[in-house]
Amino acid sequence: MNILVCISNVPDTTTKVTFNANNTQFNTAGVQFIINPYDEIALARAIELTDGGNGTVTVIHVGEAAHEPTIRKALAIGATDAVRINVPAHDAYFVAVQIAEYVKQHQFDLILTGRESIDYNGSKVAAMLGELLDIPSVSIIKKLDVGGTQAIVEREIEGGKEILTIPFPFVAGTAEGVAEPKIPNMRGIMSARTKPLAVVEPVEVKTFSEIISYETPAPRGQVKLIAADDIVKLVDLLHNEAKVI
Amino acid sequence: MSVLVYAENAGGKFKKSVFEAVSYARAIADQNNTTLTAISIGDVSADELNTLGNYGAHKILNVSTDQLKNFVNQAYASIIAKAAEAEKADVVVISNTFSGRGLAPRVAVKLSAGIVDGAVSLPEIANGKFTVKKTAFSGKAFATVELTSVNKVIALIANSYKVAENPTGAKAEDFSVETKESDFKAMLKEIIKSADKESLPDAEIVVSAGRGLKGPENWGMIEELAGLLGAATACSKPVSDAGWRPHSEHVGQTGIAVSPNLYIAIGISGAIQHLAGISASKVIVVINKDAEAPFYKVADYGIVGDAFEIVPKLINAVKAYKASA
Ligand SMILES: Cc1cc2nc3c(=O)[nH]c(=O)nc-3n(C[C@H](O)[C@H](O)[C@H](O)COP(=O)(O)OP(=O)(O)OC[C@H]3O[C@@H](n4cnc5c(N)ncnc54)[C@H](O)[C@@H]3O)c2cc1C
Ligand SMILES: Nc1ncnc2c1ncn2[C@@H]1O[C@H](COP(=O)(O)O)[C@@H](O)[C@H]1O
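Each protein sequence line maps, in turn, to chains A and B.
According to this note's numbering, the first sequence is numbered sequentially starting from 8.
According to this note's numbering, the second sequence is numbered sequentially starting from 710.
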């Protein structure tokens, strides 16, 4: 089975998010970038599914050369080879078109993304890829098993889950539960340096969205502390002041 | 020009998030002096469908065939796109639910529409620009996105727009569309309902607990408090990693993002990754024995003390309040 795993390069989860240029740009100064945590789950599952030479795992990233350490990390974790589409990622649609064009030229049985990127939280790339390739997509899955020519996936819904069968090829966005992220070992790190990383030039895309500004949430007021022996007061405040119960 | 809203049903019923989406879509129609059409797909009764008119839908389309009883994002997206074309809708509103996230991007691609996911407020339309505010950086920020395409898709987050009654008296009518076989490759085998009464992503109140609770055997009081408040239960990541609670309850940057009116955090330290998933909460209450816990920095109300003493007292206080209300 040949699996394509889409990886995005996102600020480390501990990043304090600030903006500059009049709140029009994310301030990347001092920010460490990592593989999107959900993409690590996708990668881990892809490696499990092809374990023992039962296929290949290609990682693909749309982004500039400065992101190559993130791609090398994916190779160190165990991907077979990598592709970088050499262009800054404008938005989810732009990314999905670039990846779809690559997929049309190469055969994959399964395309995995993370459920969302932790920077823009779109949850869009998986479904857009499905649409662009006219194949099924499931955007948020909790489990992925393979049975012959189809997969059995568990999808989260409000108040429960659905179990679906889907024939290959299809696209799935992985969430917690699909696999445990893998940590690269020494051999992986050494071999990552020599694994193939192809750089592909982008196709032209007409985009439909622009981020024009950012803001951080209004700071909350000072916390009101209530004495541990006066809990009735909390209920009273929640009812009469905050009006939430 | 018109606005189309997709009314997602859960087991034949509409939830509050649907009425929020319809109210929101009607406000967009009003901004543009145009009409609102709602579309439902699946097995929903006429009475239930007609409730969409209470929140401002001028027209209610119903698509119901055996094949479409259960949600299949690929097929539903085709139908919504066709309805948008038939209604000449240039704005399509979809709830940002688990299913909505599999649907809205597909509709957007079909309509060559720009999309804003996770929208938190009405669009601003000024000087020929159409902008919508959305959450970004896992709740640590908001981004304002301009859509430059003619068609636009907006996925609205639960609890971010108030339901507004606006009765039109519209009655549901059947909408027939041709479906294509290749849209039905994904097959639903089973739906498993979770035991929880309230679903976390659209809950108005969330009672959440962390490692401070010491072990899964101590969740009885959390469930009791949640039950009294009609709240959903949630937890921090280490709690679900340890298997004390299911992964579906894990809130935060790598879990679910919630936007309730009230979030009660018990025995959770308030790590930045946890806060990322809850910062859209309107009111936050923190119960922690450590007065220095970072969670207090973002809390509205706090009680410093031992959860094992405070939660039972809080349960009694809520019971007393309910009895007097
Ligand atoms: C990549 C990455 C992603 C992450 N994503 C998430 C995420 O999505 N969600 C998430 O929650 N975490 C996430 N984390 C983990 C996060 O950094 C914290 O470790 C985690 O949130 C801590 O959980 P906790 O507050 O339950 O436990 P702890 O940090 O152990 O805190 C327990 C708290 O309970 C209090 N306490 C102890 N006993 C009592 C008592 N008897 N009564 C009252 N209070 C008591 C303590 O004072 C303490 O504040 C992530 C971490 C990483 C590295
Ligand atoms: N620049 C990118 N290159 C490759 N894959 C990406 C990129 N951006 C997003 N993705 C993939 O799409 C998923 C969802 O992203 P999003 O739709 O932006 O939330 C991520 O988890 C990645 O798997």
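A couple of the hints might just be wrong.
Claimed, not checked - List of simulated lysine-lysine pairs, BS3-like, C-alpha gap at most 30 Å: (1) Lys213(A) - Lys1031(B); (2) Lys906(B) - Lys240(A); (3) Lys894(B) - Lys231(A); (4) Lys250(A) - Lys894(B); (5) Lys923(B) - Lys240(A); (6) Lys871(B) - Lys150(A); (7) Lys250(A) - Lys778(B); (8) Lys894(B) - Lys150(A); (9) Lys231(A) - Lys889(B); (10) Lys724(B) - Lys213(A).
It should be emphasised that the hints constitute simulated quantities derived from the structure, not laboratory data.
Hint numbers the structure violates, sorted upward? 1, 3, 4, 6, 7, 9, 10
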